[in-house]
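Asks: This is what each chain is made of:
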Amino acid sequence: MIDYRDRIIKCALCGECNTQCIVLREIGWLSSGPKGKILMSGLALEGKLEKDLDNLYLCTTCAKCEPVCNVGLEIVDIIEHARRKLVEAGITKLPHEKMANNIFNYGNPYGEKEKIRLDSKLVEKESAEYVFFPGCTAKYRVNEIMLSSIDIFNKIGLDYVVFDENYCCGSPLFRTGFAGGFEERAGLLVEKLNKKGDKVITACPGCYRTMKNDYSKKYDLELDIQHISVFLNEKLDGIDLSLEKNMTATYHDPCHLGRHMNVYEEPRSLLKKVKNLELVEMTNNRENALCCGSGGGVRAAFDELAYQIGKKRLEEAKETNAESIISSCPFCKLMFDTLKENGLNAYDVTEVIAKSMR
Amino acid sequence: MEKELVERAYEEIKKVLGDKKVRKDPVELYCYSFDASIYKGNPDIVVRTSSAYEVSEVVKIANKYKIPVVPRGAGTGLTGGACALYGGIVLDLMAMNRIKEINIDNQYVVVEPGIIYDDLNLELASYGFFFPPAPGSGSACSVGGMVANNASGMRAVKYGTTRNYVLKLEVVMPDGNIITTGSLSSKSSAGYSLKDLFVGSEGTLGVITEITLRIKPLPKHSSALIVSFNNVREAGKAASEILKTGIVPAGMEILSEVCIEAVKRVKKIEFPEGKAILFIETDGDDVCVKNDTEKIIKVCKENNALFIQHSEDKAEIKRMMAGRKALSPSLFNYDPRLNPVFLAEDIGVPISSIPDAIEEIEKIASEEGLVIAVFGHIGDGNLHPRMLIDVRDEETWKRADRAAREIYKIAKKYGGTIAGEHGVGITRAQFLKLEHGESLEIMRKIKRALDPNNIMNPGLLFDYKETQLDHLRYRETVL
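So the sequence lines, in the order shown, correspond to chains A and B. In terms of the working numbering, the first sequence is residues 1 to 358. In terms of the working numbering, the second sequence is residues 1 to 479.
So that you can see chain B by itself, here it is in the shape it has in the complex:
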């Protein structure tokens, strides 16, 4: 980034927003150069805005000087989407964290992008409502980040993804204009659904400054099951058969052998014996939950379940789900030399292909001599193969790179997606064409039309000319 332009932009932003909202001291910039991914991108300026007007003013200045703008929420993304790859301005939106309206009669909520997912749900719970997508990082991630990445999580099988809840957006466009798109109506056939264009756009088309979300009543009852199987194939078959009955579980998770071993060893949590485990949750009214649970148990038994644990008691459900929750921390402490890294960690395939996909990923792991812990939301076909590698060893990165490429081919082979719920970011930019083929060019044209100066999060999605191993944070610092 040209120093003189940055300096001019800095001074102009200060003039509009005041000294306290703009920083460019090296340590602050350093702290803003990471998200939760394996990447690092160094911004030139960081701005903390508190209104759409302020965002608009900053974007106008950036557009004038053709300086990149990288919108940032809580920085919990796993793909590098909030890393300023090519410098420029990081827009910290976390001070914009108000709940502007809760409308129970019409079942929607209006929020600013910086509100934390769990904080929103805590407030909604007092009305008996919730915003369901439940990303794994729900206690830390911002709703703005969820919209920008179309995030979801364990409940997606029943409740869908963030996109299914976005009614309306306010967006600051790359020229600084503020638009609103969408409506409070639960359906619309009035022209292109522009709001859907912004959902999952990862900050490449504008800055989301206000979000209107559909909300749902909290379910009254729930149940949880932990079911073990001899192998992932049998677990996958059972999952598929459960869905065929018409039951839609609130969550259906699969843990493969490495995951089970990690949780047992690190967190000392015992699971029923077996080499694959399904966590299945149902919710709704009590009769419905009871009936669904009985049917699920029957299907599991018919499909060679080894052991079945079941409860409808809240405290017991929490205890049972602790094993699933403990997975991520367990993988960090599985081996002192190894760190989980986020490469090809979020593929989606049709549900019936899940056992094949898991076996093929495990074969890749064995061929490359890598530990890959495979788990995921089997109910919607979303797998999270988590590679554990020595991040200080270049040779291991090469093997991880090869493994990731092969995993993406598996997604392609089964007609799936390279990104189920974590977005594309840096890590998948080079593979986007694998999924979209020629239609990627349409996306590129949209981007050019809306952002002719290519200031909004440049490099992500289309113009990333490097590889998934460039911009790794480990090469530059201890982290």
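Okay, chain A solo, but in the shape it has when bound:
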């Protein structure tokens, strides 16, 4: 068992983390920054001022603060642990609570009761080499990502099956403190996936991080899972990819794929295979990339703040003179779509690849 007190007491309080925080930049008060949240996590552990620790939910878990930490603290993990303590004490945000109830009751955070409708051939296979786990957001909110992925798999003749059950990986629960009692479900999900196939592909960085890292660290569950951008980068080598019209785009690193899982180059390498696509970099790219504002339950509970953060990222994207922003995360795509009046077309990497396969 990790003793979070031993971790928190190591904090140098140097404030390096604050210099990176997009939330602090928007709000200004110290309780909205990582240093404040480490201090507040200490209070949560001690059960002090719990009712006033709401600002612990003001974190997109983007982890931009972690690389600069002088001590090497896993700041996001500390904040997520403190959120678990708050949830245990009944201090929650209503949208998070609703989301958690939906996951436990309906298997997805959106409370969708019906399964997605797909060609039965894609879902009824007993088993295949690959299992495609689209992720709830790619299924129900940005389903062009799921459909593009399926399109690509079909075009390359992949032996795969789509996991279409309403079964959330639990990522929103881990990020917002509600993961208590999820262990059994996680175990069951891994069992179900392994029954269908040995290798899992997901289109969602949140699912990827959760099923790869959280499951193994917290539940000792191992799963052979890849993010689709990594999988396609390997698989599409040598295949002719070309867009009909020229496009200049900038690639946005999703926090949970980049800083959390260290996947920076594969999506870029994949996109560079596409003819007629020119990639330009934003000033803050790779490990320095700015968050889109969606993560950590911030969009659900503080939508205005999330949009402000998203707009800043789009402003940076516009400075590159790109006409489009490409991400590899349903949450980022959803945010950029919502803010499309800012003048940039938003795509997921799967959409661009599907379009370029003719």
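None of these hints come from the bench; they were simulated from the model. Fair warning: this is a prediction, and the values are worked out from it, not measured in the lab. We put the CB at the ideal spot given by N, CA and C, even for glycine. Any given hint could turn out to be false.
Unchecked claim - Chain B side only, calculated, beta carbon under 7 Å to chain A, not exhaustive: (1) 31; (2) 32; (3) 74.
To be verified - Below, in silico cross-link-like pairs of lysine to any residue (SDA-like), each with a Cα-Cα straight-line distance of 25 Å or less: (4) B/314 - A/286; (5) A/217 - B/336; (6) B/268 - A/66; (7) B/24 - B/475.
Use these hints to put chain B onto chain A, whose structure you have.
Replies: Same frame as chain A, now just chain B:
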């Protein structure tokens, strides 16, 4: 602090600044009760101001009710200078972070106090200029905090401290009046240098709201050397001999054995074999850098250097300096039970006394059974003995307290200072008389004359009646 007065002040501040700039909810106050030191002080109100006018209005209200005002930048100070020891108002100045003017022809920049040091230098770099003092916390600290503490860092040996760059200040005085002091002229003999009084005053005389700084062209070339020695004595001798040649390195750092061991073990960075290491940097035009480097290598060899690494390549210099940069993180992870604490961590002595001082500090560490990692800016005699202790153990704090007292005596013995670049704050307030003797009374008189109600950061410098172990944050919370 009397609740009723605080409440009245709170309401009045809200009236002037609006609801959004004032807070007094317990969690926000808690977050503002720490800086990067070992101390905690609980404010009653926090205000985020965005102009000198707003600062002035807040200070006037505070003065009316005789409520303390504690100006705060990024809160990276190591001495407790931004902790509201006796409650009152913490003034968060970080929203005042504009660069108001960059004047390359006359080589100065005008900034607000909340600008981050590295952010300022990033902007200046696009003009080929920089503001040189380079504190270790440069990526996070505010320029206002640097002025208030007369901060400096690794480059002080060549480029001096913040004080050397302050041309002009705008200050909100304790009665709320806004004054400016200093000029754009690079020299002045017109009366008392009041701007110098505010530099290093740690918020005890007023609130700095605008700073005009001298800036310098960025050097075109640089070189770095890592030189190892058998012991700190030989390293110290070599450093002294280098300076005697007339060369002024851009930085000259010493790491003692505990530091070397910590970086090697925690960060897996290899150093040349030896029990003391010098990091030496030079900068300037290419010929000058080459000549200086050659001379430095020669002096090091004559002074029993064991190994010498040298480079003028930017990427390689960065790689070499990573070992020095890794020191602070390494000390935090040296031992899971031990934390670095900031007691007597910033003494200054004449350069030739450095080897003796380091050996004496190491003797104190051994007598008290403490780990003390000694490193510092040997080029200007500034040593940072960093004690590593179990902060949850009262008995260890007592030993650390005794060790700190002895370390200050070493500074005194060699005619040095108790605070080289981190300021006095809470941690050194009780020792200030050791350095200043009777002249401390002059400072006290100045403080009384300018701040008769003693509202500006009270307790710091003069009237602190407690000890370096009072107000420790670890006693109250997990942190």
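Asks: Take the hints in turn and mark each one as holding or not.
Replies: The hints, checked one at a time:
no.: 1; hint: 31; verdict: 4 Å, holds
no.: 2; hint: 32; verdict: 6 Å, holds
no.: 3; hint: 74; verdict: 5 Å, holds
no.: 4; hint: B/314 - A/286; verdict: 22 Å, holds
no.: 5; hint: A/217 - B/336; verdict: 21 Å, holds
no.: 6; hint: B/268 - A/66; verdict: 20 Å, holds
no.: 7; hint: B/24 - B/475; verdict: 23 Å, holds
Of the numbered hints given earlier, the model fails none.
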